[in-house]
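Produce the complete structure using the sequences and hints provided.
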Amino acid sequence: MAFDKRAWLDRLKKMFVGFDRPLALTVFLLLCVGIVTLYSASIDVPGRVEDQLRNILLTFVLMWVLATIPPQTLMRFAVPLYTFGIAMLVAVALFGVTKKGAKRWINVGVVVQPSEILKIATPLMLAWYYQRRESSMRWYDFIVGFVILLVPVGMIAKQPDLGTAVLVFAAGLFVIYFAGLSFKLIVPVLIAAVIGIGLVATFQEKICQPQVQWPLMHDYQKHRICTLLDPTSDPLGKGFHTIQAVIAIGSGGPLGKGWLKGTQAHLDFIPEKHTDFIFAVFSEEFGLAGELVLLTLYTALIARGLYIAANGSTLFGRLLAGSLTMAFFTYAFVNVGMVSGILPVVGVPLPFMSYGGTALTTLGIAVGLIMSVGRQKRLMKS
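In this text, residue positions in the sequence shown follow the numbering used here: the first is 687, and each later residue adds one.
Since the hints were made in silico from the structure, they are not lab data. Any given hint might turn out to be false.
Taking CB as the label site, the calculated pair distances span [claimed, not checked]:
1. W825 to V776: 29 to 37 angstroms
2. V830 to G936: 45 to 53 angstroms
3. P957 to Q758: 42 to 50 angstroms
4. G1042 to Q899: 27 to 35 angstroms
5. Q758 to V898: 49 to 57 angstroms
6. W945 to I893: 42 to 50 angstroms
7. T759 to I729: 38 to 46 angstroms
From the three backbone atoms N, C-alpha and C, an ideal C-beta is built for every residue, glycine too.
And the structure:
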């Protein structure tokens, strides 16, 4: 039987009909930049790049699978996935594995971190809820939304895992805001936050004393904030991360020192250089020019995601795609701010750059869900 090239190409196109090409291309370019940087950051650790390449392959498979699932089908998983995630957090609190003073993991044959599930399950659940309430939205629906959001955020923060709690809170808050929460209600909170930050900065010498206890915060969290305000107060401890990262970023200059030529990274001054602080490695080797290229790619990623969200055919799709897209912004903003010394060190990876299978898988799932929303719109037009 003769080989029908046109029929084969048509079948191949149908397989990838869910892929949004601009979004997929942007993610691919970010992953390429990430692999190049990871190679330099992990040159003394054989196998790490190969592991990340396997993670990337799995990520694209998940993106492809989820991009082909209609949003109406995704809605059916909202309540079960959210309930399962909360149940797993309860199991962590009761039977969790403790590492370095934090109880974030549970052993189910393999050690897993259930809080990662809530990065997807929480905005999915909130988008489902507001889709159900679309025709009869009332003021109390936003209170219900905050309850749905604060349950997992509070449980994750108690582990303690402030970085993940911030990411889950941000993703859920964007759903509530896009659902119609008035910006006038957010402004007072922002003003209070600015005043609080100003007071902490003004009275840091008094309130950062060891004997002073901060309400609702662990000592290590207080120490992180105080060290952020003055890294030199603990230059060989908590301040070491920030000081060395800022040195690496500044020493990169306009064009950087060149690939594989970063001294801060290769002399092991930068801690966690393959994960949370990979931006410092990239900045030292590629300089301001590289940073601008990287930020342009993140801007393109966010812009494309918001475009897909704005054109979603249902409220569920618009809320889900919009919140997940803004979650990428939160990831990038918090990580770059943390490494640059303007935000506390909270353990947030740089999207598609940092090494790690769990975080990369979560990001790939988010991109697949956004593509699913875009695919539904294209199918309705065709």
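Practice prompt. Quick one: which hint numbers does this structure break? Sort them smallest to largest.
Written response: When the structure is compared with the hints, none of them turns out to be violated.
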